[in-house]
Amino acid sequence: MTVFKKSLLAGSLLLATLGTAQADGCGIEKGTVSILANDFPALHAVVSGAEACGGGGVEFSKNHNKDHKDIMVAALTSDPSEYTSVVVANSTLVTLMNDGLVRPMDDLVEKHGGSLAKNQLITVDGKVMAVAFMANAQHLFYRSDILEEAGVEVPETYDDVLAAAKAIKDKGLMDYPYIGTFKSGWNLGEEFVNMFMGTGADMFKPGAAELDINNDNGVKTLEMLKSLTEYMNPDYLTFDSNAVQAEWEAGNAALTNLWGSRAGAVLDDEGSTAEVVAGTAFASAPKLGDTPATTLWWDGFSIAANTSDEDAEATFIAMMNGITTEMANANPDEAVWLIEGYTPGEKAIGVAATAQAGAKPYPMLPYIGALHTAAGAEIVEFLQGSEDAATALADMEAAYNAAAKEAGFLK
Amino acid sequence: MPHRAFFWFILPSALAMLLFIALPIASVILQSVHIEHPKVMTEVETCGPFNCTTELRVDTEATAELRKAQPLGKFIGLETYLNRNHLAFDVLKVQWQERDGFFSFVRGLYNLPFYKALTFTVAYTFIVTPLVILLGFCIAVAVNAIPKILRGSVIFVSLLPMIVTPLIGSLVLFWMVDANGVLGSAIQRLFDDPNLSLKASPFLTWIMLFVYGVWHSAPFAFVVFYAGLQTVPQDTLESAMIDGASRWERIRYVVLPHLAPLVTFVALIQLMDNFRVFEPIVGFNASASATSLSWIIFNDLFGQQQLFGSAAATSMLTILGVCILLMPVLVRTWRQYKVVQ
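In order, the protein sequence lines correspond to chains A and B. Take the first sequence: its letter number 177 is residue 177 in the working numbering, and every next letter is one higher. Positions in the second sequence are counted from 1; adding 1000 to them yields the working numbering.
Keep in mind the hints are simulated off the structure, nothing from the lab. Mixed in with the good hints, there may be bad ones.
What the hints assert, rightly or not - With a straight-line Cα cutoff of 16 Å, these simulated EDC-like cross-link-like pairs (lysine to aspartate or glutamate) come out:
#1 A/K166 x A/E148
#2 A/K360 x B/E1055
#3 A/K111 x A/D269
#4 A/K205 x B/E1055
#5 B/K1116 x A/E387
All values reported here derive from a predicted model rather than from experimental measurement.
Start from the sequences, fold in the hints, and give me the full structure.
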């Protein structure tokens, strides 16, 4: 993880020179730049930086859309594509690459990407397919005041989390000390993947799209998820990130494994009390075995395959103008930037600590989506108590096999 | 109307139906019997901000060639219909042979996603539809009895649940039944149980969705019945009164027979609508406890792995379900047509 740390902490002068060179309309003469991105503040900051290159001969348009992943494949399949760039994450880049919709950008990186650190380049088979600019992970949020009152240390493992939750409950400080993004569907699927990662094992058999979860590691994962639910509000299967943030800000929970990108929103002066804000602190995601039970995510930009070379170049330069050191340091709390010269703020320490503790990235496997969906649907009954772990794992495997076969990953 | 005139009269709408209903359905049928080509995958080195690994990747060029040769994908006949995520006859056969009493078989059935969705869909349809008709009729009779000057505003208020967009309506109710919400905390106080939550147990979630369904659709039945009430022959009503019929007897023997065709109409529309129940499940975040056929179609299309064949197969099964539901009425209409001929 030293590369990651270096990118967070080390400064670079390269960018300053590039910044001056591009001051005049970013150096693009003409072309079309249209960007599709998710809708949250960090990406607004990046895309606004790219927008500064618009005007003159450059046509600029953007679409911040929460449902970007539902429209991106159709939008990039048309020729010429609807967007010249999609801001992607681990999971969405795979979807685009499965259909060959993004272009390698080695030439552009060589020509205009002098300021990029090596770990920002997402390379597949030696070709740069995306440029990452921020990192994200679910990590531990805890209420230091409540933990102190209950007389427990900051949890490092999930067994510690259970012990701390028990102590808080037994002292009568809170009814439901733990909270998590357990909403059935994508969120619950992510909780499963996170927890399984904590076992340190792989979810697939090596070199194949065959699942390898119906074993002791799978049972361990499910048992821990179930144990956590005993300390959670009974509505937990309806809680997504928004709901968890609201409950946290209302002071109803003392421990959660929540997205790093929510840290800024929790600590701002909206929607919460001074007591909660003062007490909230961050740490690495708890471990299940020897590995933090979470996945590391990155966000980055890609360039559409079905677009002209000229527009691709214009888009690349514009996006480079969006991910400057100045932008990162002007928005230190919006994200954990991977950009050189960025000094992480206090809200970023959770993600950084998680990465340093050896968390694994979310697998960029073509068939991970089928597993994620199967997990989010099939473990619900186990958590509700109407079936055992073995049945839930068998169901998950069966649902995955049917989906993977239909998508052409399994024979 | 002579057949010839009828043909020209119906032609434009028949063309539109062919274009916008029949052709899309044909395309869905086509998609449901195909799956994607086997993906050609190769092991490559992938590097990201955190590490480098050797992982399988889809060889897009080789896969694109397969796709070019057969753009529809690989033909597999009815396999998607029969797989574990749909009708799952193979699984059912094994479960039937290994059953430990009928109840365990039913449990196994409910463990399969398609049958789980079908159970809720059918329950929703057959519980909500009669309640909507009953409640709609009661409101219509009640509104018809209040002084004319108040009727306008009462009708407007009664129609509100139907005017509100289903997704918004369900979201509003979802927040109200939250433990911190008005209804949720009132219910907790009523039953004197601080841990009671409508969202936590599957059973209560079902009840909540049924109540929402009735709340949302009752205005539709009300409006239809209210319009019907305006056409009830006054002479018959008056003579019934002279004969000494009570209010209930007038409703039972005069009003209801007069409105019978409307009841059939409302029942038909509601059966179709309720069989396609979808929005409340999303609005109430209820997918953990209740899924419907429409919901699993949506889930296949908007999951992280898009499954068009699966979604198409479930769509066809839903259409089949609607046809079975409407069969009694369709048969009756056909018989009447034969008699007229």
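Against the structure, the hints come out as follows:
Restraint check for A/K166 and A/E148: the C-alpha separation of about 14 Å stays at or below 16 Å, so the hint holds. For a cut-off of 16 Å, the pair hint linking A/K360 to B/E1055 stands: about 14 Å separates their Cα positions. Distance check on the hinted pair: A/K111 and A/D269 sit about 43 Å apart at the alpha-carbon level, beyond 16 Å; violated. At roughly 11 Å between alpha-carbon atoms, A/K205 and B/E1055 fall within 16 Å of each other, so this suggested pair holds.
Using a Cα cut-off of 16 Å, the hinted pair B/K1116 and A/E387 holds, with the two alpha carbons roughly 14 Å apart.
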